[in-house]
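Each chain is listed here by its residues.
There are 2 protein chains.
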Amino acid sequence: MGMNYDRIRDWILAEDSFDADRLGKCEAVMSLGNGYMGLRSATEERYLSETRNLLVAGTFNRFDEQEVTELPNAADLTAMELWVDGERLTLERGVTENYRRELNIRTGELRRSFRWTSPKGKTLRFESRRIVSLRRLHDIAMTVTVTAEDDLTLKLRSGISARVSNTGSQHFSEVEKRFYEKKTMQFVERTTQSGIVFVLNAVHRFFKNGAPLALDTDVNIEHRIIFADYMIPLKAGESFTAEKIANVNTTRDLDNEGLTLPELQERSRADLRESEAIGYAGLAEESAQAWREEVWDRTPIEIEGDEKSALDLFAVRFAQYHMRVFVPAHDRRMNIGAKGLSGEGYKGHCFWDTEIFLLPYYMFTAPEIARKLEEYRYLSLPGAHRKAAENGYRGAMFPWESAWLDDGETCPLYAGTDIHTGLPVKVWSGIIEQHISADVAFGVWQYGVISGDTDFMERFGYELIMDTATFWASRLEPGTDGRWHINDVVGPDEYHEHVNDNAFTNYMARWNLQKAMEYADRLKTENPALYARLDQKLDIAANYPLWRDGADRLFLPQPTAEGVLPMDDSFMDGEYVDLSKYKAQDFVGGILKDYSLEQVHHMQVCKQADCLVLFYLLEDQFPPEVKRASWDYYVERTLHDSSLSLSTHSVQACDMGDDAMAYDLFRKSCAIDLGPVMGSSDAGIHAAACGGIWQCAVYGFGGLRMLNGALRIEPRLPANWTKLRYTVCWKGEKFAVTVTHEGTQLEKLTHGREIELTVNGRTVRI
Amino acid sequence: MGMNYDRIRDWILAEDSFDADRLGKCEAVMSLGNGYMGLRSATEERYLSETRNLLVAGTFNRFDEQEVTELPNAADLTAMELWVDGERLTLERGVTENYRRELNIRTGELRRSFRWTSPKGKTLRFESRRIVSLRRLHDIAMTVTVTAEDDLTLKLRSGISARVSNTGSQHFSEVEKRFYEKKTMQFVERTTQSGIVFVLNAVHRFFKNGAPLALDTDVNIEHRIIFADYMIPLKAGESFTAEKIANVNTTRDLDNEGLTLPELQERSRADLRESEAIGYAGLAEESAQAWREEVWDRTPIEIEGDEKSALDLFAVRFAQYHMRVFVPAHDRRMNIGAKGLSGEGYKGHCFWDTEIFLLPYYMFTAPEIARKLEEYRYLSLPGAHRKAAENGYRGAMFPWESAWLDDGETCPLYAGTDIHTGLPVKVWSGIIEQHISADVAFGVWQYGVISGDTDFMERFGYELIMDTATFWASRLEPGTDGRWHINDVVGPDEYHEHVNDNAFTNYMARWNLQKAMEYADRLKTENPALYARLDQKLDIAANYPLWRDGADRLFLPQPTAEGVLPMDDSFMDGEYVDLSKYKAQDFVGGILKDYSLEQVHHMQVCKQADCLVLFYLLEDQFPPEVKRASWDYYVERTLHDSSLSLSTHSVQACDMGDDAMAYDLFRKSCAIDLGPVMGSSDAGIHAAACGGIWQCAVYGFGGLRMLNGALRIEPRLPANWTKLRYTVCWKGEKFAVTVTHEGTQLEKLTHGREIELTVNGRTVRI
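Residue numbers (my numbering), protein chains in the order written: chain A, 1 to 766; chain B, 1 to 766.
Hints were generated in silico from the structure; no laboratory data involved.
Please note: incorrect hints may appear among the correct ones.
Lysine-lysine pairs mimicking DSSO-like chemistry, simulated, CA-CA at most 27 Å apart [as the list claims (entries may be wrong)]: (1) K426(B) with K182(A); (2) K581(B) with K182(A); (3) K583(A) with K668(A); (4) K155(A) with K583(B); (5) K155(B) with K583(A); (6) K426(A) with K668(A); (7) K581(A) with K182(B).
Some chain B residues judged to face chain A by a derived CB distance under 10 Å, without partners named [to be verified]: (8) Q170; (9) F172; (10) E176; (11) L261; (12) Q265; (13) S268.
The beta-carbon is built from N, C-alpha and C at its ideal position, and this holds for glycine as well.
With the sequences and hints as input, model every part of the structure.
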C-alpha cells in the first residue's frame, strides 16, 4: 500500500493506492521539471490537502517587508476536473479500483490510471500522462483518457487558475486573461514586488475513440481564473481523450530578453501552436530523447548485485533524475533550492547544500552545470559584500540563504514555536551560521581543480576565494590567549547556537585563508597580470598579511586526551542524554517536542555531527586515531535530524571501514524521499540528499575523492553488490570506473591528454 | 433532500442532507452576523469547495492597482477538524446518517448534527453550535460535541488560519502570532493597502462527559497559521465537548479608537477572558436575548393563513434576520454590501440597493439605522464630488459602487467574458449608470419625511438633495430639439448600455431637481439661517436657475399611442425575441450564453423593467392607463435576471390588481435565497432581495406607501392569508397595522402626537 517498488528495474517508481490526506509525498517525489520549471505532481482532480505548485526557477518575489523573498507559485495549468453524469470525479467517493501512479525516471513521464465507479454507479477507466519537456523548456504537456464502461456524460473543466498562493501569500497581480479564437487560453500575471511577468498559454485537443473531436466551449473568465467546460456524451466502450499543451514564459527568462510584453504574448502563442501540432506523443518522445542524451547516456551509473541492490541502483538514478529536474542548467543567475523545484519548502532558497552536497555530482559528471552554479556565487558578490558591511566586516560574507542575485541574505527571522513561551523561534542561521562563506570557497576550489577550468578560476574563482578570505580575516576576534577566535556562531550542527570556536567553522576558515594565500603566491609568479588585476580589485597587498596572521593565529580546537575533537568550546560540557527514544522515532525533530531549542543547546545532541563533516572535507588534516575516537563519540550523540547528515556519515563510515553502517546509512539516505514513510517530503524533495545519495555511491562505495588536487579511488563495495560502474569527468577528460569485488577497472572514454590518479594507493595513468 | 422547511414554524431553516460540492448555499443563507461582522457558515471540517469567510464591515482593502477595493476575508476561526483513530472526519467518506443543520433565526444560533462511521468502522455522533454574538459585537462562540459509540481516539485540530484569501487575492500581512500561557491564541494581521490591523483571539474549553477537562497541547505556529492538536481517547458512550470562544477587533473600530496596538492586543485578551468565563451557553443566551429585544419584539411581523403562508411568514422573518445580520448599525461610516456580509460577491460594495430596496425596511422599523445609512452618503460626499469633477460635472455624482468613505467609485472595470471575442467584458455601470445620484436623493427625502427627522435634514439631507441636483444640472446635454437630454447612460435595466434618455434616469433626475428647488424655496422663508449656510456652501443662488432650467427643459419620454412608456430612445426599435426558453430556465443570465451583451443591447429584453421601477417610486406621475399598458408590454419582455426585479414587480402587480402575479412574484422573490435551488447564493445572499421581500409583504400586500409626504395604507391581502400584522414607525410614533380580509385595524403603540394617514382612501387620525 502506498509507495510501490515492483517496477524499479524498469526505472519506474509507483504508487498503488491513494490517500487524499497524504498527497504531499507523491506530489514531491514524482515531481516533474527541467531546471527551468518544476511541476509538483498534483493529481488532475483537486483535493483539499493538495499542494499544487508550478515553480519557475529564479522568479523570486517578496510578499511584504515581514516576509522573505520566495519562489512564487505560478498559475496552475494541471487541474483537469471531471464530472460523471453530474457527479464530481473524486477518489474520496465512489469506488476506486486498480489505482496506479507511475513516474518513469528514464523518460520523465508521469502516468496515472484507475477504474472508478461513481456513487450513482457509472463506471469508467481513467488514464493520464504528463511531462515537463526537457527539450522545450517552456512546455508542459498532458493527456487524460476516459473510457466509459457505462453510457455516461462527462464534463471536463480545464483552464488556467491563478487562485493559488504560497501558503496564503499571493505573489501575483493579474495582468490579462484572454481566450483566443475559442481555443487558446492565455493568462498573464506579474509578481507584485519583483515585477516579473508570467505568460501562460494552454490549448486543448480532443479525441473520441482516437479520432479528432471538435468540442464547443463555454469559456469563463473570472477573478484570477480562465477555464472552459466541455460536455462529452459517451456510450459504454467509447473513449475520450483530452490533450492539454501548455507553455510558461517569463520576462526574466534569458531567451525572452528584449521582447516587449505583447511580443512575448504573441511569440509564446506561436510556440504553442508549434507544440500543439506535434501533440502529446511527439512532445513526450522528444523529451524522453533529451533525457537519454543529457543524462542517462552521458552520466550512466550501474550497480549489480542482489535484490536489494536493484533498489540501490534505482535510488541513485532517482537522485540523478531529480538533480536534472531541479538544476537551472540554462541560467547561471539561479541556483538550486533546498527542496529543488518540487515544493514551497525553504522558499526556493539555496544554502551550503549546493557546494557541499550537490556540487560533487555536477563537477564529476556535468562540469558546465557545476560552473554555472559557482558563477551564481560570483554574481551574488554584491549581496555578500553588503552582508559583510552590514555586520561590520569586510570582503564577501555569503548569505546563509540566497535567492535572486541582489537579494542578499534571505533567511527568515522566525520559524517554528518555542514550546514554553508560545512565541515563534528566532532563526539565527541567517545571522551567525557563517561557515557558508568557507563552503563557497571550498566549492569553487573543488570545481576549479576537478574541471581544470582555468578560465573560470581566472575570471571568478580566485577572486571568490580571496574575497571570502578577506571576510574571515575581518571576522576574527582576539582572545585573551593571544589567538584569534570565532565566537557566537552556528555550525552545521544547528542544535547548538551561539557557540564559540566551532571546529567546522574554524578549520574551514583557516583552509579558506590558506587557500587564498596559496593562490596569491602562485598567481604573483605565474600570472602577474591577473595578480595585478585582482590586487587592484581586492587589495591583496593589504589583505595578504591579514590572511596570514589569521591563518597562523586562529584558534583550532584540539583533540581531548581520548582523541575526540570538540565540536566547539561548550558541547562537551553539555548534559549527556540517552537518545534511543528519538533514534527509534520514524520522524525527525522529535527531541524538540520534549525540549525547547534553548534546552537542546545545553545537551550533547547533534542534529548532524559537524566534526565528521569536517573530516570528510579536510580528510588529510586529522590523524586516523582522532577521526576514529571522534567517530565513536559523535555517532552515539547524533540524531540525523538533518537530511544532510546521513550521507556524509555513510561516506565517513566507509572511510572508517564500518561497511555495515555505511550501507545502512546509505539506505536510510535513499529512504529520505524514496522510502515508504509518508509526510516527510510534503514540503518538497530533499535536494541535498539527492547529492548525498550519489556521494554515498561514488565517493563512499566507489571510493572517488579529490584530495589536495589529486584524484584517488579507493572503493569499498557493499557485500551485496557485485559491480558498480560510474563515469567521471576529470580535467576535461572522461572515464568510467568499474568496481567489482575482484578489483577496479578504468576505461577512458575521451581521447584527450593523459590523466593521472591513484587507485587503491597505486598511481595509474590513463 | 437539501433545504428543509419542516421546522419553519419554529423559526428554523434546515438542511437535511449534505453535498460537499454544493456548500455555498447553506454557507450563505445560514450565515451569522451582527452588522459588525459576518461569518459565513462553513462547516467545522474543511472541504475543497468551501468558501470560508469572516468579513468585518468597512475594513476594505485594495490588493493592487488593477483590482478594486474589497472586503477582505479575515483569518478563519471556525475550522475545527477532527480525526478518528487517525482518519480525518469528512463526510465525503465513511457513512453519514441523520445529517441535519439548522439555523434558528430567532436566536441567531446555528446547529449541526450527524452520526458518522469512519471507513475503519468507528462510529460517533457529532453536534455543533455556533453564534456570532449580537450582544458583544466582537465575539464568536462555538462548540463541538462528539459522543463515541465505539472506543476511539479523537484528534481535534483548532486554531486561527490566515491561509485564506478572496478568490486568490491576499489582503493581509502577518504582524504577530502567539500562544499565551499555552491557552490563548492570538493572531495579528494588517491589511496590505488600507493598513487596518486585525487582532483575533481564540481560547478553548474542554469537557468530558460534561465535566471540565484539561488537555495538554501541541501548539504550532507556522506561516499564516497558529493551531493546536488535542488528543482525546474516548470509550464507547463517552462524550467530549470543545468550546471555542473567539473575538475579532480591528483598529478601524470606533470602540478601539485611541488604543495602541499593544493596548488593543491586551484589552481584547481581557475581553476574551470575560467571555470565556461566561462560556458558550451564557453567550448564546445573551445573544438570543439581544435578538428578541433588538429585532423580534421591536419590529414584529405576523402572517396567518394556510400552510403556504407559514413559509411566507418565515421568508419575511428570514429577510429581517439577514437585514440585522448585515446592517452596520454600530457605525455610520459603513453601508450594506450587495451580498451583505455573507460572501465575497460584489466585494462588500453598496449600490442603489440601499436606498431603493433596503432603506424602506429600516425607515419604517428602525429609523436610527436608516439615518446612519444615509449619513454614510453624506460622509461619502468628497468621493462623489471627485467623481463629478473627474467626469467634467459639478455637484455630487455618487459612485455606482461604494466602499470606504473616501474610495469614490469602486465599480470594477471588467467582469465576465464576451462569448465572441474571448475578452473580458467592460462594466459600464461605474461610468454611466448614473441614476444612483437621484436614488440617493430619493432615499434621503423618504427617510426625512417618514422619520420626521428634521435634525438629519438640516445637517445632511437638504445638502445631499441640492448637491445631487447640481450634479444633474451640470450633466444635462442640449439637443437639437431645444430640450435637455441625458445621453449615453445605463438605466437600472443593465441589459441596455449606452442608451439615451432612459426614462427612469430622466424622470428621477427631474424629481431631484424639483425637490431641490422645493426645499430651497421652503428654507428661504422658513429657515433663512440654514438657507444662508447652504447657499454659502452650495451656491444656491447660482445653481437654482440651473435646477429650474434643467427641470423645465429636460426631455421626458412620453407614452406611445398604445400608452407604453418607452424605456429609452431605442428599446422599442430593438428586435423582439421569444423569451420563453430563458424564462423556463432555473438559473439567471441564460440569455448571455446565446448572445453577447452587445447583441442583447439591440433586443427587446429587460433584466428588470426600469419603467416599472419608476412607476413604483413616482407612482402619481403617470396615469393609470399608461401604467397598465406599460406593465403588459414590459412584463412579457422581462427576464428578472436581476434579483432586484421580482419584488418591485410584485408590488407593482398589487398596484395593478394582479393578485396572482403579485403573490407568485413574492414567492419567487423569497425563493432567491431561501428556495431549494442550490448555487444561486454561492457568492452570498441577496441583500436587496431581503428588503424586497419585506416590501412585497408590507408595501405590496400590506399596502403601505408614503406618497408626497403622506402615509397611505391600501392592503391587498393574498387569498391564502387570513391576517397580516406589521408595525410602522412614522415621524417618531409607532403603530401596528392588522390586515384581514374583513378590514384594516390600526393600533398606536406610542403615545406622542397624533398622526394622520389614509386607509383605503379614508383619512384616519390616531
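Verification of the hints:
no., hint, result
1, K426(B) with K182(A), "holds, 19 Å"
2, K581(B) with K182(A), "holds, 25 Å"
3, K583(A) with K668(A), "holds, 12 Å"
4, K155(A) with K583(B), "holds, 25 Å"
5, K155(B) with K583(A), "holds, 25 Å"
6, K426(A) with K668(A), "violated, 30 Å"
7, K581(A) with K182(B), "holds, 25 Å"
8, Q170, "holds, 4 Å"
9, F172, "holds, 8 Å"
10, E176, "holds, 9 Å"
11, L261, "violated, 14 Å"
12, Q265, "violated, 13 Å"
13, S268, "violated, 17 Å"
Of the hints listed earlier, those the structure fails to meet are numbers 6, 11, 12 and 13, in rising order.
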